Amino acid sequence: MKILVCISNVPDTTSKINFTDGDTKFDTNGVQFVINPNDEFGLTRAMWFKEKQGATVHIATVGGPSVEPTMRKALAIGADEAFRINAEPTDGFYVAQQLAEVVKNGGYDLVIGGRESIDYNGGMVPGILASLSNMNFINSCINLEIDGNNVTAVREIDGGKEKLSSSLPLVVGGQKGLVEESDLRIPNMRGIMMARKKPLSVLEPVDGLKATEDKKFDKPAAKGQVKLADSVDQLIDLLHNEAKVI
Amino acid sequence: MSVLVYTESEKGKFKKNALEVASYASAVAKMMGTTVTAVAFNSTDNELLGDYGVSKVLNVKDESLATFNAGAYAASITQAVKSTDAKVVILSSSTDTKYLAPLLAAKLSAGYAPNVVQAPESTSPFMVKRTAFSNKGFAHTQIDTDIKIIGVSNNAFGAHESKTEITIEEISATSDENMNNTKSVEIDKVVGKATIADADIVVSAGRGLKGPENWGMIEELADILGAATACSKPVSDLGWRPHGEHVGQTGKPVASNLYIAIGISGAIQHLAGVSASKTKVVINNDPEAPFFKAADYGIVGDAFEVVPQLIEKLKVFKAQNG
Ligand SMILES: Cc1cc2nc3c(=O)[nH]c(=O)nc-3n(C[C@H](O)[C@H](O)[C@H](O)COP(=O)(O)OP(=O)(O)OC[C@H]3O[C@@H](n4cnc5c(N)ncnc54)[C@H](O)[C@@H]3O)c2cc1C
Ligand SMILES: Nc1ncnc2c1ncn2[C@@H]1O[C@H](COP(=O)(O)O)[C@@H](O)[C@H]1O
Chain D
1 MKILVCISNV PDTTSKINFT DGDTKFDTNG VQFVINPNDE FGLTRAMWFK
51 EKQGATVHIA TVGGPSVEPT MRKALAIGAD EAFRINAEPT DGFYVAQQLA
101 EVVKNGGYDL VIGGRESIDY NGGMVPGILA SLSNMNFINS CINLEIDGNN
151 VTAVREIDGG KEKLSSSLPL VVGGQKGLVE ESDLRIPNMR GIMMARKKPL
201 SVLEPVDGLK ATEDKKFDKP AAKGQVKLAD SVDQLIDLLH NEAKVI
Chain Y
1 MSVLVYTESE KGKFKKNALE VASYASAVAK MMGTTVTAVA FNSTDNELLG
51 DYGVSKVLNV KDESLATFNA GAYAASITQA VKSTDAKVVI LSSSTDTKYL
101 APLLAAKLSA GYAPNVVQAP ESTSPFMVKR TAFSNKGFAH TQIDTDIKII
151 GVSNNAFGAH ESKTEITIEE ISATSDENMN NTKSVEIDKV VGKATIADAD
201 IVVSAGRGLK GPENWGMIEE LADILGAATA CSKPVSDLGW RPHGEHVGQT
251 GKPVASNLYI AIGISGAIQH LAGVSASKTK VVINNDPEAP FFKAADYGIV
301 GDAFEVVPQL IEKLKVFKAQ NG
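So the sequence lines, in the order shown, correspond to chains D and Y. Take the first sequence: its letter number 242 is residue 242 in the UniProt record's numbering, and every next letter is one higher. Take the second sequence: its letter number 151 is residue 151 in the UniProt record's numbering, and every next letter is one higher.
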């Protein structure tokens with residue numbers, strides 16, 4: 001089985017978010033970039049398929065040279081080979097088209113992406129990619145088993161979960177549950193050394209549709225002071241008469 | 001050229017978010033001087049949409065679509081967009097809709113803006129405001145394609161009545177063999193309980209509760225308020241609560257009217273996921289807990305004392321206020 005994991009390079013979850021250039025760009029100053037958490041769960045599941053079912057695991061990221069340290073980390077975790085598509089990932093549709101080209105040329109059976117990236121929160125790349133590549137698609141995937149061509153998966157639904165059957169070739173939008181938090185791996189020294197030698201090819205982008213543009217950013221208004229209640233009675237009164245939420 | 005909205009139903013009845021997206025679609029249609037057509041699947045209370053500005057319902061009647069199927073639903077919605085020559089498609093932010101939206105975007109070569117929090121800032125160019133960076137910021141996104149898809153955030157725009165003459169047409173499903181072959185095997189869903197996505201009130205607890213055996217009072221509090229229960233990430237990682245309850249930046253987003261956080265410190269990743277909630281209440285025994293800086297109301301106190309009191313007082317309050 002040939003697997004492609006789509007890795008998006010995102011600000012660490014603890015990052016303070018600021019904007020620059022007249023609020024038209026995300027300010028990367030002092031920000032640490034990491035593998036998108038949803039993708040890390042997917043990558044770790046891919047490692048399981050590699051170790052238990054002999055799969056080959058490639059990764060792909062659409063981005064400029066600055067994303068390479070994050071890609072090397074994915075290689076250090078155990079991916080075999082990497083592709084960087086040299087373009088700014090400003091629009092989900094465009095990103096999906098670039099990845100579709102990698103999928104077409106690579107003949108992958110399974111493509112694992114994340115339910116959403118935690119930066120622009122598009123939640124669209126895996127689904128668009130599946131559709132452009134004529135592959136089946138399961139989103140918010142929290143369990144994935146593959147036996148030959150047959151797929152059994154569980155996805156999260158509002159208020160519960162749904163078990164699905166499908167077949168390869170397949171794209172999943174994954175999240176925690178694909179593996180547990182405790183299964184995540186911190187790259188060790190040997191992995192990091194090996195990752196330096198693994199192939200990371202840079203591909204030029206194909207022409208694509210840029211469907212959306214983020215023109216401007218801003219931040220939520222600062223929060224007022226918290227009102228501390230001295231008693232439960234006072235809290236109920238505030239919630240009823242002031243906030244009018246109960 | 002109308003505005004098309006996909007209105008979700010469950011067992012034939014429209015979900016709360018269907019009325020929100022219908023209201024949103026109606027606002028967009030007014031801006032563009034056109035009308036709203038809704039697509040629904042096997043719904044039985046179609047007239048209701050007329051109260052929220054919808055003038056036509058295309059109701060897909062098909063037994064095989066009794067449960068949601070992303071590919072099949074997307075195929076029928078695509079067909080409805082084409083037959084009505086719609087230029088704007090309005091969707092909700094439910095898990096199901098977020099599953100089908102990208103399939104629809106690809107089929108229609110449409111730009112898709114998810115998590116939109118208000119009516120478009122302009123329709124030419126088409127600009128919407130949406131949350132980004134897990135609620136730590138907003139993006140003003142321009143959609144440049146001929147057909148535009150908007151995902152409206154839960155509980156952001158609200159449902160607004162506006163009576164409209166409505167016609168209902170039953171249509172048959174459109175199938176598309178290239179569209180996503182997956183089959184539902186089994187659905188495991190809590191019935192009769194509010195879900196984090198839909199609930200007006202969410203009661204959430206963290207590691208301060210010490211262990212899973214102490215969740216009885218959290219559930220009781222939620223019951224009295226008709227609320228959904230949620231938890232912080234470590235609580236689900238420790239297996240104290242199911243993963244589906246984990247809220248925050250890497251879990252489910254919460255956009256309820258009231259969010260009550262009990263024994264949760266208020267780490268940045270937690271706050272990011274719950275900040276879209278309108279009123280936030282914190283119960284924590286540490287006055288320095290970061291959550292107090294992000295909350296509207298709070299009680300500094302021991303959860304094991306405060307919560308049982310709150311339960312007793314709320315019972316009395318509910319008895320008096322219905
Ligand atoms: C990549 C990444 C992603 C993450 N994503 C998320 C996410 O999506 N959601 C999330 O929640 N976290 C997330 N986290 C974890 C986050 O950083 C915090 O560790 C977590 O939110 C803390 O959970 P907690 O508040 O329940 O526990 P703690 O931080 O241990 O806080 C417990 C709180 O309970 C209070 N307390 C103790 N006893 C009592 C008592 N008797 N009565 C009242 N209060 C009491 C304490 O004062 C304390 O404030 C993420 C972390 C990382 C690294
Ligand atoms: N620039 C990118 N390069 C590679 N994969 C990406 C990129 N952006 C998004 N993805 C994948 O698509 C998923 C969803 O991202 P998004 O649609 O941006 O929310 C991510 O979790 C990744 O798996």
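Any given hint could be a false lead.
Claimed, not checked - So, partial list: chain Y residues that the calculated Cβ filter (under 7 Å) puts toward chain D:
hint	residue
1	N178
2	N214
3	W215
As the list claims (entries may be wrong) - Okay, the calculated bits of chain Y under chain D, using three or more residues with CB under 8 Å as the criterion:
hint	region
4	7–14
5	32–42
6	47–59
7	81–92
8	132–144
9	185–192
10	289–297
Said to hold, decoys possible - With a straight-line cut-off of 16 Å between C-alpha atoms, the simulated EDC-like cross-links for lysine to aspartate or glutamate are:
hint	chain 1	residue 1	chain 2	residue 2
11	Y	K315	D	D214
12	Y	K129	D	E145
13	D	K210	Y	D51
14	Y	K129	D	D214
15	Y	K318	D	E101
16	Y	K16	Y	D198
17	Y	K183	D	E145
18	D	K50	D	E204
Simulated from the structure, these hints should not be mistaken for lab results. It should be emphasised that the depicted structure is a prediction, and the values quoted were computed from it without experimental measurement. We treat Cβ as the ideally placed atom computed from N, Cα and C, and that holds for glycine.
Each hint, compared with the structure:
Hint status for N178(Y): holds, given a least beta-carbon distance of 5 Å to chain D, under 7 Å. Because the closest C-beta pair between N214(Y) and chain D is about 18 Å apart, greater than 7 Å, the hint is violated. Checking W215(Y) against chain D: minimum C-beta separation of about 18 Å lies over 7 Å; hint violated. Here's how the region 7–14 of chain Y fares: 0 of its residues keep a CB closer than 8 Å to some CB of chain D, so the rule of at least three is not met and the hint is violated.
With a cut-off of 8 Å between beta carbons, the region 32–42 of chain Y has 0 residues touching chain D; three or more are needed, and the interface restraint is violated. Check on the region 47–59 of chain Y: 0 of its residues sit with their Cβ under 8 Å from a Cβ of chain D, so the three-residue criterion for coverage is violated. Here's how the region 81–92 of chain Y fares: 0 of its residues keep a CB closer than 8 Å to some CB of chain D, so the rule of at least three is not met and the hint is violated. With a threshold of 8 Å between beta carbons, the proposed coverage of the region 132–144 of chain Y by chain D holds, since 13 of its residues qualify and at least three are required.
For the region 185–192 of chain Y, the proposed coverage by chain D is satisfied: 6 residues have a C-beta within less than 8 Å of a C-beta in that chain, meeting the threshold of three. Under a criterion of three residues with beta carbons nearer than 8 Å to beta carbons of chain D, the stated coverage of the region 289–297 of chain Y is upheld, 6 such residues being counted. Among the hinted pairs, K315(Y) with D214(D) is inconsistent with the structure: their alpha-carbon atoms are about 48 Å apart, more than 16 Å. For the proposed pair K129(Y) and E145(D), the alpha carbon gap of about 39 Å is over 16 Å, so the pair is violated.
The straight-line distance between the Cα atoms of K210(D) and D51(Y) is roughly 37 Å, outside the 16 Å bound, and the hint therefore fails. For the proposed pair K129(Y) and D214(D), the alpha carbon gap of about 10 Å is at most 16 Å, so the pair holds. Straight-line distance between C-alpha atoms of K318(Y) and E101(D) comes to about 59 Å, which puts the hinted pair past the 16 Å bound. Distance hint between K16(Y) and D198(Y) is fulfilled; the C-alpha atoms sit about 7 Å from each other, no more than 16 Å.
With a C-alpha separation of about 15 Å, the suggested pairing of K183(Y) with E145(D) holds against the 16 Å cut-off. For the suggested pair K50(D) and E204(D), the alpha carbons sit about 28 Å apart, so the restraint of at most 16 Å is broken.
Checked against the numbered hints listed earlier, the structure breaks hints 2, 3, 4, 5, 6, 7, 11, 12, 13, 15, 18; every other hint is satisfied.
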